[in-house]
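Enquirer: Sequence:
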Amino acid sequence: MTTTTQKEIVPASTSDAIAGCLLGAAVGDAVGLPFEGLSPGRIARLRKGPLQYRFFFGHGMVSDDTDHAIFVTQALMKSKGDIGKFKKSLAWRLRFWLICLPAGVGFATLRSIIKLWLGFTNSGIYSAGNGPCMRSAMTGAILSDDASARRAHVQVSTLLTHTDPKAFTGALAIAEIAARLVNQKWQTRPPIDELTAMLNSLSSDTEWQAAVKGIQKSCLAPEPALIAQKYFGGKNGVSGYTMHTVPFTIIAWYQHFGSYHDTIDAVVNAGGDVDSVAAIAGALAGASTGLSGIPQEWQDGLMDWPHSRKYLQALACKAHDPEVKAGLHFSFWLFPRNIIFLVIVLLHGFRRLLPPY
0 MTTTTQKEIV PASTSDAIAG CLLGAAVGDA VGLPFEGLSP GRIARLRKGP LQYRFFFGHG
60 MVSDDTDHAI FVTQALMKSK GDIGKFKKSL AWRLRFWLIC LPAGVGFATL RSIIKLWLGF
120 TNSGIYSAGN GPCMRSAMTG AILSDDASAR RAHVQVSTLL THTDPKAFTG ALAIAEIAAR
180 LVNQKWQTRP PIDELTAMLN SLSSDTEWQA AVKGIQKSCL APEPALIAQK YFGGKNGVSG
240 YTMHTVPFTI IAWYQHFGSY HDTIDAVVNA GGDVDSVAAI AGALAGASTG LSGIPQEWQD
300 GLMDWPHSRK YLQALACKAH DPEVKAGLHF SFWLFPRNII FLVIVLLHGF RRLLPPY
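Take the sequence shown: its position 174, counted from the start at 1, is 173 in numbering that gives the first Met the number 0, and no numbers get skipped.
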């Protein structure tokens with residue numbers, strides 16, 4: 000297996016690992032966003048020099064992936080372990096988020112939130128999209144010492160929008176890895192047999208079991224990324240299907256364990272649903288390294304509001320220490336922010352009409 004040669008960095012504390020998880024998701028999301036939907040070949044032709052922010056004059060903004068991670072974190076802290084309150088809190092945040100007109104929203108997530116507004120108790124859509132996986136890393140990070148609570152909260156979060164059992168399995172896999180990183184069970188890269196045994200235990204579904212075998216074969220190969228693209232990617236890149244997103248995310252994180260930069264670089268090079276895959280992989284890589292492992296220029300270049308870098312760090316600290324001041328309310332400032340964001344996204348769309356193709 001080809002692995003990073005960079006010295007592995009470990010979190011300084013549980014709080015640092017949680018902060019790394021949340022900010023890691025945001026930075027991965029922001030770095031990957033301009034490459035969203037592009038094939039590996041087109042990305043290779045567009046990229047010049049080292050990987051950096053390309054969204055708005057050298058700065059990055061976040062998408063729905065980070066928003067959902069924030070909403071889950073807020074709901075977990077508001078509900079304080081009450082699963083019913085957690086479901087209600089998260090559901091209202093998703094409702095409010097939709098009326099703020101996000102530029103990107105998955106079709107299943109869109110339909111499920113409309114059902115929430117219409118008063119349906121069972122709002123989920125039968126889909127195995129990667130929406131629940133965007134939300135689950137922070138659930139694993141915050142509930143790292145309580146496996147039963149972790150599973151219950153991931154299930155509730157998943158079923159709000161997606162009812163295909165594969166969506167839950169994928170989301171739970173991300174949560175379980177994040178938990179082991181935050182509680183420092185996996186301070187170094189775990190043995191591949193230990194990782195795959197944990198993944199196999201999550202579901203007996205034949206497609207999931209085959210995916211785990213693909214993860215193992217990829218991680219043991221001389222060039223894991225190439226094998227991973229064969230199993231879970233393709234000429235158009237890694238799709239938003241859970242059984243593609245989650246295995247590829249795990250392989251990128253495992254191959255480059257201890258190097259946040261190299262993890263995100265591998266995801267970007269693979270193409271496809273880049274922002275979501277980079278957000279999920281970034282959450283795991285950030286939990287592995289803590290804040291210090293996330294490139295400082297990427298942290299400094301994150302330009303957003305109201306979900307700013309400062310707010311993300313405060314929210315993550317509050318998840319570990321309730322005395323830390325960080326607002327848990329939904330911010331309707333997302334509406335004007337989303338209008339500005341949409342304009343920039345449209346400009347990127349026009350740029351894609353131009354060469355190189």
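Honestly, the hints are just simulated from the structure, not real lab data. Warning: the hint list may mix true and false statements.
[As the list claims (entries may be wrong)] Taking lysine-lysine and the BS3-like style, the derived pairs with C-alpha atoms no more than 30 Å apart in a straight line are:
hint	residue 1	residue 2
1	Lys184	Lys114
2	Lys234	Lys165
3	Lys87	Lys324
4	Lys184	Lys47
5	Lys317	Lys234
6	Lys309	Lys324
7	Lys77	Lys234
8	Lys87	Lys114
[Stated by the list, open to error] Okay, the calculated beta carbon distance ranges per label pair:
hint	residue 1	residue 2	range
9	Leu353	Pro190	16 to 22 Å
10	Glu322	Asp204	25 to 31 Å
11	Tyr125	Lys212	34 to 40 Å
12	Gly233	Pro355	18 to 24 Å
13	Ser291	Ser147	31 to 37 Å
14	Val323	Asp81	17 to 23 Å
15	Gly233	Glu193	26 to 32 Å
None of the values given here were measured: they were computed from a predicted structure. A virtual CB, placed ideally from N, CA and C, is assigned to each residue, including glycine.
Enquirer: Next, verify each hint and record whether it holds.
Expert: Status of the hints after comparison with the structure:
1. Lys184 - Lys114: 40 Å, violated
2. Lys234 - Lys165: 24 Å, holds
3. Lys87 - Lys324: Holds, at roughly 23 Å.
4. Lys184 - Lys47: With Cα atoms ~38 Å apart, Lys184 and Lys47 exceed 30 Å; violated.
5. Lys317 - Lys234: 42 Å, violated
6. Lys309 - Lys324: Measuring from Cα to Cα gives roughly 12 Å; hence the hint holds.
7. Lys77 - Lys234: Between Lys77 and Lys234 the Cα gap is close to 43 Å, so the pair fails against 30 Å, i.e. violated.
8. Lys87 - Lys114: 14 Å, holds
9. Leu353 - Pro190: 16 to 22 Å: For Pro190 against Leu353, whose Cβ atoms are near 47 Å apart, the range 16 to 22 Å is violated.
10. Glu322 - Asp204: 25 to 31 Å: 42 Å, violated
11. Tyr125 - Lys212: 34 to 40 Å: 26 Å, violated
12. Gly233 - Pro355: 18 to 24 Å: Taking Cβ atoms as reference, Gly233 and Pro355 lie about 20 Å apart, which means the hint holds.
13. Ser291 - Ser147: 31 to 37 Å: Given about 32 Å between the Cβ atoms, the range holds.
14. Val323 - Asp81: 17 to 23 Å: Because 21 Å falls inside the window, the suggested range holds.
15. Gly233 - Glu193: 26 to 32 Å: 29 Å, holds
Hints 1, 4, 5, 7, 9, 10 and 11, counting from the list given before, are not met by this structure.
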